[in-house]
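As a plain string of letters, each chain reads:
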Amino acid sequence: MTTARETVSAGVATRHRDVTLVDLLDRLLAGGVVIEGDITLAAADVDLVALDLRVLISSIDKLASR
Amino acid sequence: MGGERWYVYGIVDGSCPPELAEHPARLVARDGVAAVARLVAADDFDEQNLPDRLHDVDWVTQLAVEHSEVLDRLREQATVLPMRICTVYRSEERLREMLSAEAPRLVRVLAHLRGRSEWGVKVFSVRPPTLPEREATRGDGTPGAGAAYLLARQRERDQIAEADQLLDHACDELHELLCAAAVAGRANPPQRRELLNGVYLVEDQLAEEFGRLAREPGERYAALGLEQTLTGPWPAYNFVPDHAEATT
Numbered sequence: 001m002t003t004a005r006e007t008v009s010a011g012v013a014t015r016h017r018d019v020t021l022v023d024l025l026d027r028l029l030a031g032g033v034v035i036e037g038d039i040t041l042a043a044a045d046v047d048l049v050a051l052d053l054r055v056l057i058s059s060i061d062k063l064a065s066r
Numbered sequence: 001m002g003g004e005r006w007y008v009y010g011i012v013d014g015s016c017p018p019e020l021a022e023h024p025a026r027l028v029a030r031d032g033v034a035a036v037a038r039l040v041a042a043d044d045f046d047e048q049n050l051p052d053r054l055h056d057v058d059w060v061t062q063l064a065v066e067h068s069e070v071l072d073r074l075r076e077q078a079t080v081l082p083m084r085i086c087t088v089y090r091s092e093e094r095l096r097e098m099l100s101a102e103a104p105r106l107v108r109v110l111a112h113l114r115g116r117s118e119w120g121v122k123v124f125s126v127r128p129p130t131l132p133e134r135e136a137t138r139g140d141g142t143p144g145a146g147a148a149y150l151l152a153r154q155r156e157r158d159q160i161a162e163a164d165q166l167l168d169h170a171c172d173e174l175h176e177l178l179c180a181a182a183v184a185g186r187a188n189p190p191q192r193r194e195l196l197n198g199v200y201l202v203e204d205q206l207a208e209e210f211g212r213l214a215r216e217p218g219e220r221y222a223a224l225g226l227e228q229t230l231t232g233p234w235p236a237y238n239f240v241p242d243h244a245e246a247t248t
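The listed protein sequences correspond, in order, to chains Z and D. If you count by this note's numbering, then the first sequence holds residues 1 to 66, one letter each, in order. If you count by this note's numbering, then the second sequence holds residues 1 to 248, one letter each, in order.
Simulated from the structure, these hints should not be mistaken for laboratory data. Among these hints, one or two may not hold up.
As the list claims (entries may be wrong) - Covered, in the sense of this in silico footprint (three residues per stretch, anywhere, with C-beta under 8 Å from a C-beta of chain D), are these stretches of chain Z:
id : stretch
1  : 22-29
2  : 32-39
Unchecked claim - Short derived list, chain D residues pointing at chain Z, Cβ under 10 Å:
id : residue
3  : 6
4  : 10
5  : 24
6  : 25
7  : 26
8  : 29
9  : 32
10 : 50
11 : 83
12 : 86
13 : 104
14 : 105
15 : 108
16 : 112
17 : 195
18 : 199
All figures in this text were calculated on a predicted structure; none of them were measured in a lab. Every residue gets a Cβ at the ideal spot worked out from N, C-alpha and C, and that includes glycine.
With these hints in hand, go ahead and build the complete structure from the sequences.
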């Protein structure tokens with residue numbers, strides 16, 4: 001752990017941590033290390049999940065901007 | 001089927017592993033790297049059931065939030081390589097085999113990300129932009145009603161095009177500015193009402209400066225009806241190379 005990181009998380013960072021679920025899902029579904037697991041989300045699966053989630057997005061957006 | 005599987009959240013440096021405290025996740029180490037992993041019920045994560053589970057929005061949401069919380073806690077102590085959600089192994093041995101096979105790449109990426117975090121900047125158009133007033137040209141030649149209508153339509157189209165250009169330009173400018181202040185930056189495809197969906201890998205020591213830059217266009221942006229949001233620090237979801245041969 002570095003002091004720099006502590007400063008960041010104590011200061012500017014935490015104030016902007018009020019992240020919508022949508023933002024999180026975008027990252028989790030599209031990003032991260034892709035390594036062959038015994039079971040992994042195939043690209044097609046990811047698309048399906050994304051599709052399901054889009055249905056929710058407008059309501060989440062409304063919540064987030066309340 | 002029953003049984004258990006190993007769900008992997010992320011990868012950390014095996015030589016100075018973080019404390020996992022009370023979380024059920026534990027470290028599985030091999031060849032200088034360690035997976036942060038948890039035993040999960042095989043019923044949730046086998047090939048037959050997983051596709052169904054993925055259509056259960058509550059289930060996916062819960063998994064995503066948990067995945068992210070584990071990584072956030074780790075990020076406070078160590079450099080973390082976030083795994084894509086739902087990477088699962090049948091046994092601890094299979095997990096160790098993966099670590100062994102991927103260790104050189106993982107060590108390299110961990111070194112690249114050390115002391116750096118991902119930040120997200122999104123720009124939204126929340127109001128039509130205020131454009132500078134243009135002199136109307138149509139009054140001059142006293143055109144007929146039809147011509148006046150066409151002229152008005154043309155002006156409207158020009159204004160929309162002009163506004164679009166201004167907005168694009170403002171977003172491009174901000175993105176370039178942020179890229180220059182970051183180790184790396186990328187504009188992801190905008191979602192929904194976004195005009196910019198930028199992600200940036202930033203030195204932690206420069207995070208405050210980066211945050212200032214991301215917020216600075218506030219007044220200029222307001223005139224254009226733009227609003228921007230800054231999120232982070234995130235684990236570097238968008239900055240892990242896809243393949244072993246990818247550049248560092």
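Checked hints:
1. 22-29: Holds: 8 residues of the stretch 22-29 of chain Z have a Cβ under 8 Å from chain D.
2. 32-39: As far as the stretch 32-39 of chain Z goes, the hint holds, because 8 residues have Cβ atoms under 8 Å from chain D.
3. 6: Hint holds; residue 6 of chain D Cβ to chain Z Cβ min 9 Å, cut 10 Å.
4. 10: The hint holds - residue 10 of chain D has a Cβ within 10 Å of chain Z, the shortest such distance being about 8 Å.
5. 24: Given a least distance of 19 Å, the restraint on residue 24 of chain D is violated.
6. 25: 16 Å, violated
7. 26: Interface hint status for residue 26 of chain D: violated (17 Å vs cutoff 10 Å).
8. 29: 16 Å, violated
9. 32: 16 Å, violated
10. 50: This interface hint holds because 6 Å falls under the 10 Å limit.
11. 83: Interface hint status for residue 83 of chain D: holds (5 Å vs cutoff 10 Å).
12. 86: 5 Å, holds
13. 104: Because about 13 Å separates residue 104 of chain D from the closest Cβ in chain Z, which is outside the 10 Å limit, the hint is violated.
14. 105: 9 Å, holds
15. 108: Violated - the Cβ of residue 108 of chain D stays beyond 10 Å from chain Z, reaching only about 12 Å at its closest.
16. 112: Violated. Min distance 12 Å.
17. 195: With a minimum Cβ separation of about 15 Å from chain Z (threshold 10 Å), the hint on residue 195 of chain D is violated.
18. 199: 8 Å, holds
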